[in-house]
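Trainee: Read top to bottom, the protein sequences are chains A and B. According to the working numbering, the first sequence holds residues 448 to 867 in order. According to the working numbering, the second sequence holds residues 39 to 297 in order.
A few of these clues could be false.
Stated by the list, open to error - Negatives, chain B to chain A, calculated, CB over 12 Å:
no., residue
1, P97
2, P158
3, V214
4, M245
5, N261
6, L273
7, R288
To be verified - Here are the simulated SDA-like pairs of lysine to any residue, each with C-alpha atoms no more than 20 Å apart in a straight line:
no., chain 1, residue 1, chain 2, residue 2
8, A, K746, B, I272
9, A, K746, B, G101
10, A, K513, B, I272
To be verified - Pairwise CB distance ranges (calculated):
no., chain 1, residue 1, chain 2, residue 2, range
11, B, V147, A, D643, 32 to 38 Å
12, B, S73, A, E754, 17 to 23 Å
13, A, P765, B, A63, 31 to 37 Å
14, A, A863, B, K68, 48 to 54 Å
15, B, A63, A, E754, 26 to 32 Å
It should be emphasised that the hints constitute simulated quantities derived from the structure, not laboratory data. Glycine included, every Cβ here is placed at the ideal spot set by N, Cα and C.
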Amino acid sequence: MDDILGRAVERSIEHAVFGGEVGRRAFIARVGASAAAAALASVFPLDAARAIAQDKAGPPEKKDLKVGFIPITCATPIIMAEPMGFYKKHGLNVQVTKASSWAMIRDLSINGETDATHMLSPMPLAISLGVGSQSVPYVMPAVENINGQAITLATKHKGVTSPGQMKGFKFGVPFDFSMHNFLLRYYLAEGGVDPDKDVQIRAVPPPEMVANLRAGNLDGYLAPDPFNQRAVFEEVGFIHLLSKEIWPGHPCCAFAAKREFASNAPNTFRALLSAIVDATQYARDRGHRKEIAAAIAPKNFLNQPVEVLEQVLTGVYPDGLGNTKTVPDRIDFDPFPYHSMAIWILTQMKRWGYVKTEVTYRKVAEEVFLAGACRDTLKSLGYAAPETTSVKHVFALGKTRLFDPDKPAEYLASFAIRKV
Amino acid sequence: MRRDRVRVAAYSVLIGAVLLGLWQASVAGKPAGKSIPGPAAVAVTAAHMLAHPFYDNGPNDKGIGLQLAASLGRMAIGYTIASVLAVSLGVVLGLSPVLYRAVNPYVQVLKPISPLAWMPLFLYTIRDSAQAAVLVIVMSSLWPTLANTAFGVASIKRDYLNVADILMLSWPRRLVTVILPAAAPAIVAGLRISVGSAWVAIVAAEMLIGGTGIGYFVWNEWNNLALTSVIFAILAIGLIGVLLDAGLGRLSRRLSYQE
Numbered sequence: 448m449d450d451i452l453g454r455a456v457e458r459s460i461e462h463a464v465f466g467g468e469v470g471r472r473a474f475i476a477r478v479g480a481s482a483a484a485a486a487l488a489s490v491f492p493l494d495a496a497r498a499i500a501q502d503k504a505g506p507p508e509k510k511d512l513k514v515g516f517i518p519i520t521c522a523t524p525i526i527m528a529e530p531m532g533f534y535k536k537h538g539l540n541v542q543v544t545k546a547s548s549w550a551m552i553r554d555l556s557i558n559g560e561t562d563a564t565h566m567l568s569p570m571p572l573a574i575s576l577g578v579g580s581q582s583v584p585y586v587m588p589a590v591e592n593i594n595g596q597a598i599t600l601a602t603k604h605k606g607v608t609s610p611g612q613m614k615g616f617k618f619g620v621p622f623d624f625s626m627h628n629f630l631l632r633y634y635l636a637e638g639g640v641d642p643d644k645d646v647q648i649r650a651v652p653p654p655e656m657v658a659n660l661r662a663g664n665l666d667g668y669l670a671p672d673p674f675n676q677r678a679v680f681e682e683v684g685f686i687h688l689l690s691k692e693i694w695p696g697h698p699c700c701a702f703a704a705k706r707e708f709a710s711n712a713p714n715t716f717r718a719l720l721s722a723i724v725d726a727t728q729y730a731r732d733r734g735h736r737k738e739i740a741a742a743i744a745p746k747n748f749l750n751q752p753v754e755v756l757e758q759v760l761t762g763v764y765p766d767g768l769g770n771t772k773t774v775p776d777r778i779d780f781d782p783f784p785y786h787s788m789a790i791w792i793l794t795q796m797k798r799w800g801y802v803k804t805e806v807t808y809r810k811v812a813e814e815v816f817l818a819g820a821c822r823d824t825l826k827s828l829g830y831a832a833p834e835t836t837s838v839k840h841v842f843a844l845g846k847t848r849l850f851d852p853d854k855p856a857e858y859l860a861s862f863a864i865r866k867v
Numbered sequence: 039m040r041r042d043r044v045r046v047a048a049y050s051v052l053i054g055a056v057l058l059g060l061w062q063a064s065v066a067g068k069p070a071g072k073s074i075p076g077p078a079a080v081a082v083t084a085a086h087m088l089a090h091p092f093y094d095n096g097p098n099d100k101g102i103g104l105q106l107a108a109s110l111g112r113m114a115i116g117y118t119i120a121s122v123l124a125v126s127l128g129v130v131l132g133l134s135p136v137l138y139r140a141v142n143p144y145v146q147v148l149k150p151i152s153p154l155a156w157m158p159l160f161l162y163t164i165r166d167s168a169q170a171a172v173l174v175i176v177m178s179s180l181w182p183t184l185a186n187t188a189f190g191v192a193s194i195k196r197d198y199l200n201v202a203d204i205l206m207l208s209w210p211r212r213l214v215t216v217i218l219p220a221a222a223p224a225i226v227a228g229l230r231i232s233v234g235s236a237w238v239a240i241v242a243a244e245m246l247i248g249g250t251g252i253g254y255f256v257w258n259e260w261n262n263l264a265l266t267s268v269i270f271a272i273l274a275i276g277l278i279g280v281l282l283d284a285g286l287g288r289l290s291r292r293l294s295y296q297e
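The whole structure should be built from the sequences, with the hints applied where relevant.
Mentor: See below:
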């Protein structure tokens, strides 16, 4: 039974990779069946996919794991899974370890000091492509949170209401390869501000942002929470715009691992993914948000006042301009890594010159964003899962508001401000 | 002499009291969280932390004692490696003026590089953050010892070496009984500078790599803008630095000699 299922999974992946039966046969005829299987295994964690498709997985190959995280609310499912017992429930003994910056998260993961890790959703794509890093194949089977970022400006800029007034600003973003960077650039460019010429954008580790804003080193930042809300709490800044007001439902942070880990320890990978997806679904329920805020606030994890975390997670918050806002989906949790999200990210990496070579958008998206694995996990846990892995995304502002993942080149060409 | 000592102590206490007073006065009356915390608030935090210096709440939250111990342990490894390397190389360079001048330009180029600048390279090559931090300590504490050892050995009185020649001492005996003792004050002076720079570097390195150590502690409290903890940590770092320096100062007095 397992064999048949395994074979079926292999075939469907072959289908996706080689573009149908004809392509596959032609390829096998040219190189032979075993070479074809090896070639396939080299681009896709077949073992992992097989393990995920089977209902009963074997015992995890490795139980004691380390998962890296940056202390921000985007990492909520990864962090809360430890104190709230989601890892244990899925048979794993996981220690979450805090890292100081995204460069450090990347190096700890590449060097194998962590088994799997919290990442910004563009990072596994960039690392797999070898952009801004050595080239290491990564897989990203789950998104952590959607929305959950904001543009915070220093209090002295209280009069600023549009991108046009931001010329000459110094902005912070957590990392070059972040949704934060791409959304800030999108927002500025739609307002006629060239993010490479009219403003300065620098990478600042999230925890250091509030201190830099207070010191006047930054005029603002597009940052993950709690650091937007923390700036309000400290009375040094105000929330100018939530990132969901740019792209409602955009992916933010993600759960990722080296492809090598997924294929060497498929059962562990599957159990870990189940724990993460389980925790993400738990966090999705707004009724659980206060409990979660209390679980992740201690020094061991986010090291933040519970009050600030509650304001972020419940979406009832002061904006620093004297208003109290209620935006329940200010941050939301949805694990499904749509391929179309990856394609959007890749178009922006090209747009701003991070990728200079040709990109086969869909191929890279399918190799890194494991939507199928996430769907199977959702279903095995009894949750509904989207059938389609690629959708059209609708932006809330901008000239070209509809992103069609089947036409990335046209989309890219529609922007007036771009580097390519 | 005794009276001087009493006066020094009295002045020290007075200066300390004035500084604390100024600090307290500058923050008095301002709401907490709006300015840097005063000495009273820091003292409360300090008492709290010193009450449980060795608690261990998992990998991301440990007591101040454990953090300091982690930093000192890391530093001891790196400092020992650096000292052994620097003294050996320094003796060789000190005994050979030609080699000394040949190597000197490279040492001069490497010396002013901030040890932290090596961190990305170490992480990339040795693929281990803990070892990378230790190597940063090695880089920070190598040069002062090396330069001082080479200088100390090069300026050993010719007479001592001539006596060693006449006695036809073997190389190891010559090294242990003549060269090292004669150069000891210079070497220890180098070691003393090195221990200071190693301690300076470890805090910065730990802020980068995270995990454990007093540098990570400062970074983690900075995240939370918990300035009382940061100030307390700064004081603790300074205090440990003084103790390290005093230890080597005592060693230096013991090894000094009159010619």
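Trainee: All hints are to be evaluated individually against the structure, with a verdict given for each.
Mentor: Status of the hints after comparison with the structure:
In this structure P97/B is not separated from chain A by more than 12 Å, as the shortest Cβ-Cβ distance comes to only about 5 Å. Not every Cβ of chain A is farther than 12 Å from the Cβ of P158/B; the closest lies at roughly 8 Å, contradicting the non-interface assignment. The beta carbon of V214/B sits about 42 Å from the closest Cβ of chain A, which is more than 12 Å, so the claim that it is off the interface holds. Residue-level check failed: M245/B sits 7 Å from the nearest beta carbon of chain A, not beyond 12 Å.
Under the 12 Å C-beta cut-off, the non-interface status given to N261/B relative to chain A is violated; the minimum distance is some 4 Å. With a minimum CB-CB distance of about 20 Å to chain A, L273/B clears the 12 Å threshold, and the non-interface call stands. Every CB of chain A is more than 12 Å from the CB of R288/B (nearest about 36 Å), matching its label as outside the interface. Between the alpha carbons of K746/A and I272/B the distance comes to roughly 19 Å, so the proposed pair stays at or under 20 Å and holds.
Proposed proximity of K746/A and G101/B is supported: the alpha carbons are some 11 Å apart, at most 20 Å. At roughly 30 Å between alpha-carbon atoms, K513/A and I272/B are farther apart than 20 Å, so this suggested pair is violated. One distance hint, 32 to 38 Å for the beta-carbon pair V147/B and D643/A, holds here, with the actual separation near 34 Å. For the pair S73/B and E754/A, the beta carbons lie near 21 Å from each other, so the given range of 17 to 23 Å is met.
Here the CB-CB span from P765/A to A63/B is close to 33 Å, well matched to the stated 31 to 37 Å. Distance hint check for A863/A and K68/B: the Cβ-Cβ separation is about 49 Å, which falls inside the suggested range of 48 to 54 Å. Distance hint for A63/B and E754/A: a CB-CB separation of about 31 Å, consistent with the stated range 26 to 32 Å.
Hint compliance for this structure: hints 1, 2, 4, 5 and 10 are not met, and every other hint is.
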